[in-house]
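Number of protein chains: 2
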Amino acid sequence: MILHGYFRSTASWRVRIALNLKGLVAEQVFHHLRKGEQRAPEYLALNPQGLVPALVTDDGAVLTQSLAICEYLDALHPEPALLPADPLEQARVRAVAQAIACDIHPVQNLKVLQKLRDLGLAEEAVQAWAASVIDEGLEAVDRLLADTAGPFAFGAAPTLADIALVPQLGNARRFNVALRWPRLLAIEAACLELDAFRSAAPGAQSDAE
Amino acid sequence: MILHGYFRSTASWRVRIALNLKGLVAEQVFHHLRKGEQRAPEYLALNPQGLVPALVTDDGAVLTQSLAICEYLDALHPEPALLPADPLEQARVRAVAQAIACDIHPVQNLKVLQKLRDLGLAEEAVQAWAASVIDEGLEAVDRLLADTAGPFAFGAAPTLADIALVPQLGNARRFNVALRWPRLLAIEAACLELDAFRSAAPGAQSDAE
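Each protein sequence line maps, in turn, to chains E and L.
Under the numbering used here, the first residue of the first sequence carries the number 175, and numbering increases by one thereafter.
Under the numbering used here, the first residue of the second sequence carries the number 175, and numbering increases by one thereafter.
To be clear, the hints were calculated from the coordinates, so they are not data collected in a lab.
Any given hint could be a false lead.
Note: identical chains are not told apart, hence a pair may lie in one copy or across any two.
[To be verified] Okay, derived cross-link-like pairs now, SDA-like style, lysine to any residue, Cα gap no bigger than 20 Å in a straight line:
id, residue 1, residue 2
1, 196, 253
2, 285, 313
3, 285, 181
4, 285, 220
5, 209, 309
6, 196, 262
7, 196, 208
8, 209, 376
Please model the entire structure based on the sequences and the hints provided.
In structure tokens, the structure reads:
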């Protein structure tokens, strides 16, 4: 398998965690997003969205969208499970992952922030945009997790929700968001006890700057 | 079941299609997004994200995030299936749904456009933002579907991909995006042969203006 990614991309980071949790190894190919390498014709032929990650399977199939890739890995390698078996619990885990992957990350990613700059917004306003999207989004995630058991987002083992949360907390720090959610930080601490999470972090990647 | 939604919300529209395809009936409660009713304390207690849809099950459980809700309905009522059985095909369907639900819709929704207005952007620039996000996103979706069989996005029956696509095409029209993708329009036409899609449209809802 080949994982096309970028050290700092939270979506790539999610897939790195999932691979690690499953004990799978993928060759990593890094595309420097700030240099626009994800818009090179060869990469667009692989992923027409021009986004990372993309996972190329051993059979040469190309998969895109981090959550879809994680669920694919989960289907092929069921242990340890990334989703609970119960449909209602499954829906709650997916909802938290999507609250991050749909409603926080795409609204504060590199592409959107560049669009804001292109519209003439001052850098201060651009940074404030990202911070406010993350702050508001994590506040909602914290409330969505108000009734769940720890130490992970949904109990005794990490799920797709933790896989989405840990990278988003990383982004929160990059944008100087005050991490005012003890529960979210406790979940992150539990995750970082695991090498699967630690070795997926941006700083541990070979393209880290 | 109670579906909390808004006639024009594409995320609510997706869940309406899924319910219809499954032959399920939910009581519909509408929240007027332009009047900010989704931020009323009673609604925030239900869904801390302050977004529609939210589905309240017969047991009183509250589910959020449209794609998670659709997959929940699919797990409980497997026929007709909203996802193929094969994990690779499943991943492709989910990727298209997420390319829309993560990378198009949240970047052009009411909330983001209001943020742009609050930053002093002229209405023309706000509309152009939405149109360009949709145009670029649908172009990628069209390419992701380049090798799939019709008449639906993934063959002979509608899936989660069609459920995401049809509402997004509706939004494209609202923002005057030139619909330059014959394949996407053919998929939409196939969907609109089905009453499940027709009766889920914004114009068919009791809160339509």
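Quiz item: Failing hints, ascending?
Solution: 5, 7
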